[in-house]
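Once you've looked at the hints, go ahead and assemble the two chains, each given alone in its own frame, into the complex.
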Amino acid sequence: MIRDERGIAYVETLVAMPVMFFAFNIIFLFGYLCAAQLIVQRAASAAARAAVVFLPDDPEYYNRPDTQSNSGKRSATKEACVKMAAMRVLEASPGFMTTNANDVTVDVAGDKKEFATTTVTVTAKYSCSRFLGASLCRVIGSGGSANFVQLSSKSALPYQEGMVEKSSTQPLVPPTPPP
Amino acid sequence: MSCAATLPLSLPADEESGLLGQRGSVLIAGLFAGIILVLCGLHVIGVTKAILIRALGQNMADAIALESSVWHAQGMNLIVLINLMMAGAMALLVTIRLVQIVLITAIALLTLAAVIASIFSGGQAAQAIRPWIQRFAQQLVKVQRLEDKLSPKIGTFLVYAAEGERLIAAVMPYVALARPITRTDDVPGLVVGVSLVPAWLDQKFSKFPQIPGLGTVTIPGGWKPETSFPARMGTLPLGPKGDAWLKGFDAKIAKGKNIRPGLVTEAVDLARGIFGSLPVQEEDFYQLCGRAGEMVVTFFPAVVGMDDAALEKLGAFAGVVFGSLQTMTCTPLKQLGQKMENEIRSAADQKCVRDEEQDIAAGKDEWDKKKREKCREDEIKKAKKDSGYTEPQNFDSLKVARLWGIIQHPKASPWLHVWGIVPLHPDGPKSRFFRDMKNLFGFDLDTAGVQGATVADPSELDPANAMGEFRHVCDGGPDPAQRSCAENSMWRPGWFAKLVPVRDITDEIRQKLGDAMAGWFSRFLGKGIASATDRYLQRFVPAASKPFITVFERHLGITLGQRMLNNWFNRRFLTGIVFTRVNNVEFFTAPDYPEHLH
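Protein sequence lines correspond, in order, to chains A and B.
Residues 1 to 179 in the working numbering are what the first sequence spells out, letter by letter.
Residues 1 to 598 in the working numbering are what the second sequence spells out, letter by letter.
Hints are computed from structural coordinates only; laboratory data are not their basis.
None of the values given here were measured: they were computed from a predicted structure.
Ideal Cβ positions, reconstructed from N, Cα and C, are used throughout, including at glycine.
Treat each hint with caution, since some may be false.
[As the list claims (entries may be wrong)] A few chain B residues that don't get close to chain A, going by computed Cβ distances all over 10 Å:
#1 82
#2 105
#3 138
#4 142
#5 149
#6 251
#7 300
#8 301
#9 366
#10 533
#11 539
[Claimed, not checked] DEER-style ranges, computed between Cβ atoms:
#12 B/146 x A/117: 54 to 64 Å
#13 A/117 x B/299: 40 to 50 Å
#14 A/114 x B/302: 21 to 31 Å
#15 A/105 x B/312: 44 to 54 Å
Okay, chain B solo, but in the shape it has when bound (with noise of 0.2 Å):
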């Protein structure tokens, strides 16, 4: 039926006004049909933008935890390649020394030979070996020099890695926060409202600041507690000029105020450490000797071809072992610094007493203390520039990166959880009509039952949150040394970042500080007891107080003190004092989640 066939083209002046005019009824119709069409329409449309808003906003929360989790995971891998390398670099000076014990094993065994030749044979058989000795004495000169060549380099590259790291774990949070923010302009205008606070919030388990010392406090028995948990790696390289700096700084505060040296710093680490780092914290030299040792000891056998378990337990072997004896085959490169110093210092004392010799002998007047002082900074000065020298390393400082000792265990840790919220409409997928039937016409068909199926709790209609989380790739137990999966985890670049559900960790967290606290304490009471018993042993058999506390302090003390402490004292006090400022800063909100998730 078409309205040019209905509307008669010309209609009766009498027709044209009264009850009984027809014109307009089949345009009231068309109204009417009309406005069902637009509001189908609008149906349509309402539950079409609902469900994009809908999916828009769950893509955006996805991407905004994974990618941040990404660059998470992205930033422990490089740390994990930094450590490789050093490890690599490590490695050339551990060979170099491997060659210098071998040549002087050799040197002691030929010249033992010789004596021992000489006795029996008169000095024949003496003679014959001592061009062997020669040579070999000749070989190790050489590689002496080499050592001499390739030590400042490696030593450089070594203090430069080790700031590179500590930068990685400081600035790739910021990373992870920022360029996932990006993300919200993919959809702009669409999603009204999409909160970033929470995508800040949720990486406060990739901030969570180191816990404070106890500053002045005097313990009886002159042993000083510890004074906070490992030390994370996420405190700003401040470079050699501003750790000097800080550290005069605190040895002057300490002495004007008669404290403990030392708060200064770590107040300046804590207030470093509340911006947060990448879940690490130094590791101890020893650990990058084992290391490079491993990779010195496993590399022939690789390149000939030898299996990988087996590569894998004389590689944990060799770790162990060049890891105990750092101070045979590490430590040169730990004095180098000095030695170079030294030797410069020794140059340059020469230099200015050979020139006061020459004005003496020139009929000039003696130097006074000044001058010579003068001179031998100037001397010490030119000498460091004409060969290009820099300060000398500290090379206790060169500490390769391990997993915070917090987390110790990748799996199911909240400390590596990332998060991502997009708040959205509660009203969630339903029609647009509804509202525009209610607003417009005021037929509420919410109420009407017309709706079918309604949610009962707006709640059940969460907004689109996602959870990222980055953990390591663990296959399974600990390696043939024993090093668990969060030891190796630093030595292997196999972080990745995935998404997971959104879950209540709130035990997870509760249980992880509880056994911080344990870790924490145990060392107090271990440390405690020790001290208590080293009065007596001080008194009695002096010669074992020493070796007995390192052993109680690190051993017995931690393992008695997480018996006693773990089970109740941490889970039910410690952790609910701590637990509770947790909750206070909202330390992430987690959504009540259905049951059988917990």
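For reference, chain A alone in the conformation it holds in the complex (with noise of 0.2 Å):
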């Protein structure tokens, strides 16, 4: 009976399972953790796109007549552009956390000069729910509870830059040639 080898790739089977299970969760988790850090890549690129054309435009298409200068409210609209370019892509991602305010951040560094490098780093909290993910988190996370992993990424431009001209109020007034 104990040499009866029936059933023994159940057995077998019973007992690498949990194995190759643990395996492929693991193989599935990196996968997704690869396309994550992708769309953070992507959401940097997009970030920084944004940082480049928004922050240099003119002021007053920011309709906060608080000032004419390019600080303030105005510049923190601009702030909040930039970072909605990313919030774009990520939340037309699955697996990122972007309900709260500071589940996904923004971060523009460089001179507001022409030519000079705008650096944008996007970090963004990913979700580790499926499947056995969030234990996996946990080692290889953020650690503690947090069932999410958070990815960061660099992405830099050019800023580009354009003197603008602050009176906008000159009426029409046609050639007048000398008689």
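Pasting the structure below:
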């Protein structure tokens, strides 16, 4: 009876299955993390592009008439636009936590001068709730009871700048050549 | 666990069939694992590809918009440079003219001094002054010869330069359109369905046609309405012959149909204007003269190191003075062509008279009218050929470029925007895994909530849009001569292009069209009132009539018209009509953008 080999494959399968499942789960999660990292990289690229497009833009387009300058609320509005560019990518992608304001951070660094390198860092939380991901996240992620991994990526582009005319209230005056 | 260790090398015959058979059990597990691995790989590949498409699409849209804007800006800078070159060439003539004025003034003063001296000293002092007068007179002749020598060459250069400006204005938008299209070749086969049509449509901003005139409408009082917005330079240059033919044809049609002359020319201009141009229009001759004078006056102070602010003030003052005194400083150039033409004709007449006299002296018959005409034509033709003379230039057409009147302010102008739009798959960076799972196995992970944060509205994943803008660097208000940034923009090579956020510029267009219509109709109003008043002035104070109309039309009428029309009539009524028309031809497509951008 003890030499009977019938069912040995089932036993082996039973023993091997959790290990294989664990291994596959790691691979699966790794695949997801790879994709998530790519998405964060894409979000950083989009945010960097937004930074070099929005930040040098005319302040007057940002309808907060507190000042003509490029500071204050107008500047805050522009920075919000930069973050929005990253959020659009992340919100459209599964697994990213975007409901709280602190889930995604976007930092813009660099001199705001023509052709100066503008570096944008996007940090986002990626949820590991799929399959056994949560437990794995505790190992490879931020630790503790968090079931997410914090992914971060940087992107850099040259700042585009041009001087902006400050007054915009000149009336239309047709050319008046002398008689 | 390896596959070789699990699989027995041989199985008992009774186990080769039946439910208890174990063969293939690991294969099933392996298959399952394989499918998971493949799907996992597909997921990563799908995300990568989606991101790649997205990034390339964005880059492509950026490239289309930016490059197109760059070509527009380059075109504007080229025209600025040609303007400056024309002013530089003109400055040579102005310098000669200034020297002439100085010499003539010196001769006049010395002559006066000689006359006064002869009265008091009996002629001795006058004799002492006389050599000086002769010297100055000799110098004056030399300067005159120099002018005669230089003027034709400079005149020819100015004509070709002006034509060059028109050519650049007309052609550059098409270069700006054609070049970015090749950008789509950078990503062969990857981005499917890239629409090039929007790139064409978006450049409509630089192709807005002229508004046609009122044609044959007869206005009581004899004044003619403004028939179009300030003429743009975007009409393809036809050359002197083409223009002459067009003018003749216009006159013929006007005579035959009993309509106002100029209608055909306007129609042709309109047809050509539809094809668009850079936003420049023709500037009057006085501007060229003024800028040339500015160059002359500021040249030496600049060499000796006068500071920029003082130079700018001096130059602005000189520009106004020289521009206003164009009759004295720049007009000889205008008369040059006709003067040479007259000289050749006169010489030909004399030659033919001599030839006829010789024939008569030789006993031949007197020439008839036909023979005299033929001789004259032949001699004129021969003289022109021998001297390398070309047709007299119409120097009234020597017009430098200025920024199109409608723009008048580079900032926030919708006319300077160029768009590039690349529509992409609305799924954006969503994983191909979800789509494959749905297509292959029927698992709709979206509805199962596996996707996590979903996008409620596909429009939130807007396609890769980009908007370029070309504008002039302006660092503040008007210069010391109160010339605005717009007025100076075609004299300072500072046009550049940049990417700007995609925004709905409907209101800007509406406002700009309102301003344009205000300018247009204010001139109507000014002319109308001036014409009505003119009738009474001509009856009582005829001498004051013309100056009054000039002043009124150009200044008072415009101001009054703007006050009355700009705020209400144009914005609410007239622009409504025009704007509806714009919408109907799908002038542009602006995506809804977040509220805080408006």
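Checking the smallest CB distance to chain A, is residue 82 of chain B really beyond 10 Å?
The claim stands: residue 82 of chain B keeps its Cβ more than 10 Å from every Cβ of chain A (closest is about 19 Å).
Just checking, residue 138 of chain B versus chain A, shortest CB gap more than 10 Å?
Answer for residue 138 of chain B: holds, closest chain A Cβ roughly 36 Å.
Consistency of beta-carbon spacing, residue 117 of chain A to residue 146 of chain B, with hint 54 to 64 Å
holds (56 Å)
Status of the stated non-contact between residue 105 of chain B and chain A (beta carbon gap over 10 Å):
holds (24 Å)
Given as non-interface: residue 533 of chain B, partner chain A, CB spacing beyond 10 Å:
Given that every Cβ of chain A is farther than 10 Å from that of residue 533 of chain B, nearest at about 17 Å, it holds.
Does 21 to 31 Å hold as the CB distance between residue 114 of chain A and residue 302 of chain B, or does it fail?
holds (27 Å)
Non-interface claim for residue 149 of chain B versus chain A (Cβ beyond 10 Å)
holds (30 Å)
Could you check that no beta carbon of chain A comes within 10 Å of the beta carbon of residue 142 of chain B?
Residue 142 of chain B clear of chain A: closest Cβ-Cβ about 32 Å, beyond 10 Å.
Given as non-interface: residue 539 of chain B, which should sit over 10 Å from chain A by C-beta
holds (23 Å)
Range hint compliance [Cβ, residue 117 of chain A to residue 299 of chain B, 40 to 50 Å]:
holds (42 Å)
Taking C-beta pairs only, is residue 366 of chain B more than 10 Å away from all of chain A?
Per Cβ check, residue 366 of chain B is outside 10 Å of chain A; nearest 51 Å; holds.
Supplied distance hint 44 to 54 Å, evaluated on CB atoms of residue 105 of chain A and residue 312 of chain B:
holds (48 Å)
When each numbered hint is compared with the structure, no violation occurs for any of them.
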